[in-house]
Amino acid sequence: MTKAVTRAIFHGGIAAVLLALLGTASVQVFAQGTAPSAGQAVAFDRTKGNCLACHTMRGSDVPSNVGPELNDMKARFPDRADLIAILQNEEARNPQTIMPSFGRNLILDHQEIEQIVDFLYSL
Amino acid sequence: MPNRRIRARASLRVAVLAAAVAVLGGAAPAPDKTDPLADQKAFQASFGERFPQVPFADFANGPYAVSAPMRKQWEDIMQFPPYDFALDEGKTAFETPFANGKSYADCFANKGIGVRQDFPYFDTKTGEVATLDGTINRCREANGEKPLPYQVGLMASITAYMAETSRDKPFDIKIPDDPRARAAYEDGKEYFYTRRGQLNFSCASCHVGAAGQRLRGDILAPAIGILAAFPIYRSDWGSMGTIDRRFTSCSAQMRSEPLPPQDKSYRDLEYFLSYMSNGVPISGPGTRP
Amino acid sequence: MTRVALAFMLLCSVPIAAHAADKSEAESAIAGAVKAEDAAGKLGNRWIPAEASLKAAKAAFTSGSWDAAVAEATRARLLAERAVEQSNEQKTAWRDAVIR
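Protein chains in written order, with numbering that gives the first Met the number 0: chain A, 0 to 122; chain B, 0 to 288; chain C, 0 to 99.
Rather than coming from a laboratory, the hints here were simulated on the basis of the structure.
Each residue gets a CB set at the ideal place from its N, CA and C atoms; glycine is no exception.
There may be inaccurate statements among the hints.
Away from chain C, derived, C-beta distances all over 10 Å, residues of chain B [stated by the list, open to error]:
1) Asp38
2) Met69
3) Asp105
4) Thr193
5) Arg194
6) Arg245
7) Glu256
8) Leu258
9) Pro260
10) Pro280
Derived lysine-lysine pairs resembling DSBU-like cross-links, with alpha carbons at most 35 Å apart [to be verified]:
11) C:Lys90 to B:Lys145
12) B:Lys32 to B:Lys263
13) B:Lys145 to B:Lys71
14) A:Lys47 to C:Lys90
Please work from the sequences and hints to get the whole structure.
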């Protein structure tokens with residue numbers, strides 16, 4: 000299992016590197032410190048985070064309640080790594096979760112996850 | 000989070016203990032032995048506990064059973080049910096003889112009236128699950144007619160009519176004492192609970208775990224009774240749709256490549272879901288937002 | 000894992016000269032993706048985005064865009080490999096979700 004995860008991350012890494020190689024010049028690795036609006040856009044995009052399908056949070060216009068309301072994130076998740084882990088693969092924390100494994104299943108890339116976490120910390 | 004980890008560790012310890020006991024005890028029951036009736040009891044009890052305010056028969060009404068505001072909307076819509084045109088079309092088609100003079104009635108018990116609750120059934124001749132929709136097409140082919148497309152159109156209309164003549168009859172799905180029937184049931188059960196697709200969902204994720212909750216504008220229908228209202232008119236679709244249409248669109252929501260309509264796994268899935276719903280009355284055709 | 004992440008960060012923080020792929024690289028990337036998708040298909044678990052990326056890779060190949068073909072094929076392969084992994088895990092894990 001851990002081996003598999005490492006492999007997935009490794010592959011993910013290779014993909015990212017490849018994409019970086021192929022893509023344009025500068026790839027921003029640490030989104031930390033991006034404007035929350037960038038993360039909000041990714042989070043609300045239905046083809047990306049689609050977080051509003053399940054969560055209610057500031058700025059949402061639908062009353063979803065599959066997951067808990069997202070608020071007060073700094074106080075509840077002081078460790079950034081915890082939020083990254085939830086977005087990477089919530090199934091590791093809760094094997095029966097319905098929340099998609101955004102990172103592990105390549106729904107969001109590294110940078111998008113970092114951007115979303117920046118946005119979450121503005122909630 | 001830390002207490003989750005502790006819980007996981009504790010349950011690991013319990014598992015190790017159980018394994019040890021099993022080894023010592025020798026004749027531990029095989030954990031995976033198929034017992035459809037026990038599954039059904041547990042399934043129904045679990046939804047009963049989750050929705051104590053919902054009368055059992057009301058699970059035939061999908062999301063409306065578990066959402067009062069939606070139910071109000073629904074009752075308004077039902078003043079002029081949007082499936083009425085399909086019912087008329089289906090009745091006419093059902094009663095019109097094929098070119099060879101035979102008709103659908105010749106292919107079904109009780110001339111096809113009031114039989115929806117017995118589908119799908121396990122056909123011991125073919126060794127496979129036979130659905131209502133599949134049986135309609137087999138009837139057509141046996142009488143020299145082209146099969147109908149499965150998801151929309153006339154198939155939805157004919158099944159609408161057949162469901163309507165079966166209203167209030169409780170699902171009565173049987174699993175004969177035949178290892179192939181058990182295998183089909185087990186396959187459907189596995190399909191239902193297995194995560195697949197990029198979003199990492201199983202059917203159960205939404206229709207068990209999150210049943211009754213709001214996913215954007217939708218109230219997620221509880222898995223029990225989930226096929227009782229088919230076919231349905233969905234405002235979102237602007238037309239009628241069969242079980243295949245719904246399965247296909249839920250697969251796509253999971254970002255999982257849908258199976259072809261009436262694929263073996265979809266039929267087995269229908270068998271499992273219908274058997275879990277035994278006792279829930281047929282309410283089809285239905286309307287949905 | 001940390002080591003991989005570190006290597007990844009290092010690699011990405013250094014501006015790297017773009018390497019242009021050629022036809023044979025694109026070919027082998029697509030072959031790898033097809034193989035992975037077939038494995039996922041055998042398990043009844045084709046992912047829609049994997050199919051879409053594979054299709055895009057083939058289209059890019061047809062129009063001679065080797066870089067795009069490699070990028071899409073690589074993505075398709077990674078998605079398909081993850082699908083296979085998901086199916087393999089689920090072979091036993093699904094039972095933990097059953098209502099008892």
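message: Could you work out which of the previously given hints the structure breaks and list their numbers from low to high?
response: Hints 1, 4, 5, 7, 8, 11, 13 contradicted; others consistent.
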